[in-house]
Amino acid sequence: MKAFQKHLQSCRDSWLVCLAGIVSALIATQGLSQTNQWWSPGDGRMLSAYVEYINPFGRFGIVNTTGDIETSEHPFFEPIGTNGRACVTCHQPADGMSLSVASIRQRWEDTGGADPLFAAIDGMNCPHLPPEDPASHSLLLDRGLIRIPLTWPPRNQAGEFIEPEFTIEVVRDPTGCNTHPVYGLEGERGEVSVYRRPRPAANLRYVTSALFGVSSFVGKTGMLASTDPETGLPVNMNMMADAREPTLKTQAQSAALGHLEILSPLSPEQLEQITAFELQLYGAQAWSVSGGNLMEEGGPSGLGPRNMSTGRDGVLGNNITNFIFPMEERWHDLPYNEQAIDANRIAFRESVARGHDVFFYRTFWLKDAMHINSVGLGNPIKRTCATCHGMHMTGMDTANGWMDLGTTNLPWALEPPVSPWADKKPEMPLFKITCRADLPPHPFLGREIYTQDPGRALISGKCDDVGAIVIQQFRGLSARAPYFVNGSAATLRELVDFYDRRFNIRYTEKEKQDLINFLSVL
Amino acid sequence: MESLKNFVKTLFLFGAGLLCSLIHAQEGQRIQFVACPIVRDTSTVPCWLTRYGDALYYMGIQSDVSADFQPPLQGHQVLVEGIVGSEMICGGVVLEEIKITTMPELDGSCNTMLPAEDRYVIDVYPRPPGPSSGRLAFQVNIDPPVLEPSMDEKTFTLYFDFDKGVTFRQPRDLTAIMSYAEQISATRVEIQAYYARHQLSNGQTLDENPAVAIRRANQLDELLNGAGLKADFTLNWSTTPYTGGGFEDWRGRRAEVTVFP
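Sequences listed follow chains A and B, in order. Just so we're aligned, residue 1 is where the first sequence starts under this note's numbering, counting upward by one. Just so we're aligned, residue 1001 is where the second sequence starts under this note's numbering, counting upward by one.
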């Protein structure tokens, strides 16, 4: 009954939300919410021009700017490969076009592990393991991670081998993949396996924008930028954790060959269809359990999927003229209302507004972060979250947005304590990187680096790039826990705590909660 | 006994004083040294200091990537060249015409962070510690230089950090070279790279690794070619260090790229 009252409230806010609310309430009463939110390949359903999906913090809204999407025979939605998967398998509308660990577990339960999501190729810790054993899928089930095999040594865009500045040694191999005779580093295929979270396949106009900082040379390193194979023009290198794919088309082609195990490459028409779909699709949190409608008339212009669909891409937002997530002070000092439900909503919205200010203005010392301290700003630098997350509407970095925050590199990467009393075993692989002695060392980590995922360095072969990860967009965070490339932060709270430790920020409890509330409405 | 102790003490103090005054630089003197960078917080942006001999020197403030002075990296020593000024900022003697570069090897002892004190105030800060006012702090620096319409050969000089090849410092120059080469339909490019010898004020010399000259030349060649500059390339590098004998030695950490029509 309480829930129904809430829906009535949303009806006052907007009829669309009201409708979506009633529909989802109906679904919920039938106990179908989880399964019905899931898109299986070849469902053939229509993806409406506007649709909302429930998540723990409210609802995620999707805007298709070209109107309703007919998904039957659409290559993003059809199982066009050999393993029964489609792109939508790992890029679920309900999960912010990424994939939450909650959905993954639900899928395991609902299908007894038979869903194509759990395919041996990369839905398992390693393809040689027994598929029926949940332990073979532990990284997917526990942390939402997909195996990414990458050839080593790397090749440049012309297909020539790059001579890496370092050697890689497998120090720890809990998945058995990196020492395997076929899949291992020394194995037949000469691959390194790293394990990464799916990144949101929405708002990609922003992610691929060439309007800021794109040139023939990577701004952070001076090295050559990747180019679009069709036009020969440099690209922004802001896609995938390691920027290995220059365009949405090359990305889709690799995804089809890798994740879908398609036998022949996608046709030009299929590529066109996929990228056209991706570029017209926008998503953001649309409704907040505590904050109400995030899309209301006159609300903050940095919130909601509609504002996402009309916003400007390639705009630097780390300034007080554009802002990263503009709030226009709309929620800063709301008139106090005596009615209990409104009072709670007002209090939450004010907390979001404070959280925005914590993100934007609260300074701390950013220290030892490669590709941010190293690019002329100095080490340490007194700045804010917004310094690394500078792009308007997405919170991504500018072009060539990879940095080492420490999520995969020791000493900051999450590792269970090793002791005779500890029963938790490490889950992630650990590599030792030894950099060439005749070149300058990594400025913060020296010549011997331990890492769970060398990130950009697996593509560039550069010592300075070890553990550098391309920042992902902030949208739909509520729909797609866990966070960071290796799923090391299970909740927004853990994400904020990571920063608190990493940079010795010493946030107050209130600042933390405000920040979490702010992130939850993006 | 007491007087002997005092005598030793005096002798010691005298000795130490002598040593200090030896490296106590006079106003107007050009000095060059390697030391740890120190950062001092202020109520606005932090300022960067370094201690040499008995003096604390002021290097500059935190700003943004467009600033002339770009702070060094703690966790490393910094190589500093500048002229001792008369002004004091943030508790340090200002070094005029300062040029710094971070030493590449790690030095964990370079980690001094000083707290803000009311008496040290930075009140000109073109870029606050938080978000900017909508532009880079120093507008002059952001656009590549406007190229005169010309068909002549032209030499571009690129400066590098100690022992480093191409870094974030070069894209601007590389882009300028690319556009000039296009403008004159370049047929030939000559690259001449150097490595530097720094004459420190304490009498020591500090050389870059001679191999860095080769690396600079090769990297510039690869990058310009890779970005699509189709021309005949000639690479040269010096096998003896460039030095100004303590005067602007940083100029040795350079390469010249000459573009011919």
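Treat the hints loosely; a few may be bogus.
Computed cross-link-like contacts, DMTMM-like style, restricted to lysine to aspartate or glutamate with a CA-CA straight-line distance of at most 25 Å [stated by the list, open to error]: (1) A/LYS432 x B/ASP1068; (2) A/LYS382 x B/ASP1107; (3) A/LYS382 x B/ASP1221; (4) A/LYS510 x A/GLU297.
Here are the computed distance ranges between Cβ atoms for each label pair [claimed, not checked]: (5) A/VAL289 x B/GLU1087: 50 to 60 Å; (6) A/THR66 x B/GLU1117: 39 to 49 Å; (7) A/THR508 x B/MET1088: 29 to 39 Å; (8) B/MET1113 x A/PRO411: 17 to 27 Å; (9) A/PRO416 x B/MET1113: 28 to 38 Å; (10) A/GLU73 x B/PHE1260: 23 to 33 Å; (11) B/ASP1054 x A/ILE320: 38 to 48 Å; (12) B/ASP1068 x A/PHE161: 22 to 32 Å; (13) A/THR508 x B/VAL1121: 51 to 61 Å; (14) B/SER1179 x A/ALA49: 19 to 29 Å.
Please keep in mind that the hints were generated in silico from the structure rather than gathered at the bench. Where a beta carbon is used, it is the ideal one built from N, C-alpha and C, also for glycine.
Checked hints:
{"no.": "1", "hint": "A/LYS432 x B/ASP1068", "result": "violated, 38 Å"}
{"no.": "2", "hint": "A/LYS382 x B/ASP1107", "result": "holds, 21 Å"}
{"no.": "3", "hint": "A/LYS382 x B/ASP1221", "result": "violated, 37 Å"}
{"no.": "4", "hint": "A/LYS510 x A/GLU297", "result": "violated, 29 Å"}
{"no.": "5", "hint": "A/VAL289 x B/GLU1087: 50 to 60 Å", "result": "holds, 58 Å"}
{"no.": "6", "hint": "A/THR66 x B/GLU1117: 39 to 49 Å", "result": "violated, 60 Å"}
{"no.": "7", "hint": "A/THR508 x B/MET1088: 29 to 39 Å", "result": "holds, 36 Å"}
{"no.": "8", "hint": "B/MET1113 x A/PRO411: 17 to 27 Å", "result": "holds, 19 Å"}
{"no.": "9", "hint": "A/PRO416 x B/MET1113: 28 to 38 Å", "result": "holds, 31 Å"}
{"no.": "10", "hint": "A/GLU73 x B/PHE1260: 23 to 33 Å", "result": "violated, 58 Å"}
{"no.": "11", "hint": "B/ASP1054 x A/ILE320: 38 to 48 Å", "result": "holds, 43 Å"}
{"no.": "12", "hint": "B/ASP1068 x A/PHE161: 22 to 32 Å", "result": "violated, 40 Å"}
{"no.": "13", "hint": "A/THR508 x B/VAL1121: 51 to 61 Å", "result": "violated, 27 Å"}
{"no.": "14", "hint": "B/SER1179 x A/ALA49: 19 to 29 Å", "result": "violated, 45 Å"}
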